[in-house]
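Student: Chains as they are written, first to last, in this note's numbering: chain F, 1 to 96; chain L, 97 to 294.
If you're looking for bench data, these hints aren't it; they were derived computationally from the structure.
Keep in mind that the hints are not guaranteed to be accurate.
To be verified - Keeping only pairs whose Cα atoms sit at most 27 Å apart, straight-line, the calculated DSSO-like set for lysine-lysine is:
#1 Lys-201(L) with Lys-72(F)
#2 Lys-72(F) with Lys-104(L)
#3 Lys-58(F) with Lys-105(L)
#4 Lys-269(L) with Lys-23(F)
#5 Lys-67(F) with Lys-105(L)
#6 Lys-184(L) with Lys-105(L)
Said to hold, decoys possible - Footprint (simulated), chain F over chain L, 3 or more residues, beta carbon under 8 Å:
#7 108–114
#8 188–200
Ideal Cβ placement from N, Cα and C applies to all residues, glycine included.
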Amino acid sequence: MAQRPNGVAKVKYVVLDVLKPHKPNIVDLTRELVLRLPGVTKISTSIVEIDQDTESIKMEIYGNDVKVEEIKRILREYGASLHSIDAVTIEEDGAE
Amino acid sequence: MSLRDLLKKYVEYIRISEANKIARRYFIMNSFDGSVTILGVLLGVIFGGITEPTQIVGIGIATGVALMVSGFSGTIIAEEAERNKDIKELEESMLMDLKDTVYTKAARFSIIYIGFINAIAPFLSIMISLIPLILAIAGLVSVDLALPATIVVAISYMGILGILISKITGRNKIREALKLMAIGIATTIIVSIVLKPL
């Protein structure tokens, strides 16, 4: 497969399915991610399902260089777990 | 980490663990305990013929310290059990280990925070009630005035707790204050009746 020289593929948009406890709430968790991830410019979070102890949420993350592993690490810190990556948009930067 | 960042972190822990809701309840309950306890102690020393303010303040401080230790240690034991149970249940729901997450750190911090509130609450109400006697030791008021004043201050502090309760419940301030003060007055009467024959 031919590869363009100097091309760097960066994640611009990703949709995550996350399971979390009720606390911290989605406002605090989303704010924390936006503040701690320099490659992220915007996150939209919505609740998909709630039960007694946990809630499933959908996070749509936009940015210049979204680092999914870093997001996973911060989610873990907040007691949340990444269930699946449901969609992703990757663009190539700096290709000749 | 700067002090400001540390405080910010602790505020976040309090918010995540909802510790303020529990701490508020314990503060009022244990402050009330402290006030009723000091009323009993004061009446006991008066009926026992002890009128020296230094002795009475000493007995009051000892009582306050004992309640502090009891409040702190009792809370640690009870809250630790509850929080560990909550974490275990959540781990089962999440199917993951929550050790080292902000959730567990917040739970651990809340135990100490609530324990501290539980310890300080009765001690504060006892020390506030002893103010007239402390002023008597300083020579600012007479002992004859200080002794009954201490009982009045203890009962009045119960009224202040009633006002605090009314802010939480939204009920009438004066009614809540009078309700708690009535308990203080009733305690004074009952203890006096019990001690008088002795």
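Student: None of the hints should be skipped; say for each whether it holds.
Tutor: Hint check results:
Between Lys-201(L) and Lys-72(F) the CA atoms are separated by roughly 19 Å; this keeps the pair inside 27 Å, and the hint holds. The suggested pairing of Lys-72(F) with Lys-104(L) holds, with an alpha-carbon distance near 23 Å, which does not exceed 27 Å. With a CA separation close to 26 Å, the supplied pair Lys-58(F) and Lys-105(L) stays within the 27 Å bound. Restraint check for Lys-269(L) and Lys-23(F): the C-alpha separation of about 33 Å exceeds 27 Å, so the hint is violated.
Taking the CA atoms of Lys-67(F) and Lys-105(L), the gap is near 25 Å; set against the 27 Å cutoff, the hint holds. A C-alpha spacing of about 23 Å is found between Lys-184(L) and Lys-105(L), which places the hinted pair at or below 27 Å, so the restraint holds. Given as covered by chain F, the stretch 108–114 of chain L passes the check, having 5 residues with a CB less than 8 Å from a CB of that chain where 3 are the minimum. Beta-carbon proximity to chain F at under 8 Å applies to 10 residues in the stretch 188–200 of chain L; the threshold of 3 is reached and the given coverage holds.
Of the hints listed earlier, the one the structure fails to meet is number 4.
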